[in-house]
Amino acid sequence: MVVPGKVGSSWQNPYYTFVKSTVVEEFLEYFSDIEDVEEFLDAYNIKNLSSKHTFKLSMGQARLISILIAISWNPEALVVDEPTNGLGLREKKMVEDLLRSVKVPVVIASHDLDFVLKIADYVYVMNEGRVVIGGPTVEVFYGNWISSLGFPEPYAVIVGRKLGRRLRYIG
Amino acid sequence: MNIHPVVSFTVIVWVMVALYINFLVSALALPIILTAYLIASLPLEQIRRLAIMYLWVTIPPYIVLTLIYGPIEAVDIVLRLFIIASTFTSVLRLIKPIELTYTVTRLGIPTLAALTIPMVMKLADYMSYSVGETLVALKGRGLRGRKLLINLPVPLIVHAVISSAQLAESLTQKQFKNVGVLAGKSVVRISDIIIVAYVLVSIAVLLIQSL
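As given, the protein sequences belong to chains A and B, one line each in that order. Residue numbers for the first sequence follow my numbering, beginning at 1 and rising by one. Residue numbers for the second sequence follow my numbering, beginning at 1 and rising by one.
Check the hints yourself; a few may be wrong.
[What the hints assert, rightly or not] Part of the chain B face toward chain A, derived, beta carbon under 10 Å:
#, residue
1, 72
2, 130
3, 134
4, 136
5, 137
6, 139
7, 143
8, 144
9, 152
10, 155
[Stated by the list, open to error] Straight-line distance between alpha carbons at most 20 Å, and here's what the computed EDC-like set of lysine to aspartate or glutamate pairs gives:
#, chain 1, residue 1, chain 2, residue 2
11, B, 139, A, 25
12, B, 139, A, 29
13, A, 20, B, 133
14, B, 139, A, 76
15, B, 139, A, 81
16, A, 6, B, 133
17, A, 56, B, 169
By construction, these hints were calculated from the structure, which means they are not laboratory data. Glycine included, C-beta positions come from ideal geometry on N, C-alpha and C.
Please take these sequences and the hints and turn them into a complete structure.
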């Protein structure tokens, strides 16, 4: 059971999360010293961003930092709104790896169906503010629910149907 | 109903000087005139909002200050608060942003910067729009209570300024290179003449008193 006040989040505009001028300063609130912060950033291969100005980060970098800040205070769950919005392919992969590494339950709100198919264990499809279908990702994607709502199916699903197999990942 | 950008600047400078030298009568009369001028051009709903805002600026501080300093001292402080709040509110509402852009470009400031200034003036509108989103985002990083409120203005202000700069940038990219000229020349109105005359008379009175 997740306590409501202990949910970390990263929203569509990641820059709203920032309150300090550099990336290191943002994390100092949660770590005892700069070395610990740099070690933490190094674990995610983004130590090079430590001295960068937070409001000058690219969208992808800002998204990564925003998610890392959201998990730094040890929340019991994480909510991420449109994690791939405005991201390049490399940044998308970094966000994907980061979300996979998080040890708490993660709820993602996304229109990026390829990304959802790749990363989610369970999917809940919402239409006009209501959940219309939910369940294990493969069941939902191969159950014709996506196309019946007028959304284009991910290529993995289209190819999977042609091959008669339930493919989840592209590449 | 608008006032000339240069006159607005004059008003702000004079009110601040009058407050500094304790010339309260003159400092108070000017924002009252401007508020009356502003109210004449506003619909009833906006007048109501303005009145509520001024009540918030004056009544709660008066109660708190009365408890700390006593009623007379509290009136003096609250009066100054009201003068500052009403001056800036009226001036910012009465300036025509496009005229300000023109005036600023005439002073040699680059078009991009000139466009940014009136947009930054819309700071309050933008901030009220994004305050909810920012609050949620900051709660998402574990900030609560006092810490949350202290940090709230940072992303709000930075975003307002960044958005204004981006909007200005996109406007200049859309062939608005000569926006200063296209913006339209600032017009000197009768109200501007009256305000400037009032400031000059106030200065004259001050000089005569000091002799």
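Regarding the hint that residue 134 of chain B lies at the interface with chain A, is the smallest CB-CB distance below 10 Å? 5 Å, holds
So, as I understand it, the hint says residue 155 of chain B touches chain A; can you test that by seeing if any CB pair is closer than 10 Å? Status holds, d = 5 Å.
Are the Cα positions of residue 6 of chain A and residue 133 of chain B separated by 20 Å at most? 18 Å, holds
Hint consistency between residue 56 of chain A and residue 169 of chain B [alpha-carbon to alpha-carbon, up to 20 Å]: 16 Å, holds
Run the distance test for residue 20 of chain A versus residue 133 of chain B: straight-line Cα separation, threshold 20 Å. 18 Å, holds
Under the criterion of a CB-CB separation shorter than 10 Å, is residue 72 of chain B in contact with chain A as hinted? Check failed: Cβ of residue 72 of chain B comes no nearer than 41 Å to chain A, outside 10 Å.
Does the CB of residue 130 of chain B sit less than 10 Å away from some CB of chain A? 7 Å, holds
Quick check on residue 152 of chain B please, does its C-beta sit within 10 Å of some C-beta on chain A? 9 Å, holds
Holds or violated: is the Cβ of residue 143 of chain B closer than 10 Å to a Cβ in chain A? 8 Å, holds
Residue 139 of chain B and residue 76 of chain A: Cα distance at most 20 Å? Satisfied, since the Cα-Cα distance of roughly 14 Å is no more than 20 Å.
Evaluation of the interface hint that places residue 136 of chain B against chain A, nearest CB under 10 Å: 7 Å, holds
Tell me if the interface restraint on residue 139 of chain B is satisfied: Cβ within less than 10 Å of some Cβ in chain A. Holds, about 7 Å.
Violated hint: 1 only; the structure is consistent with all others.
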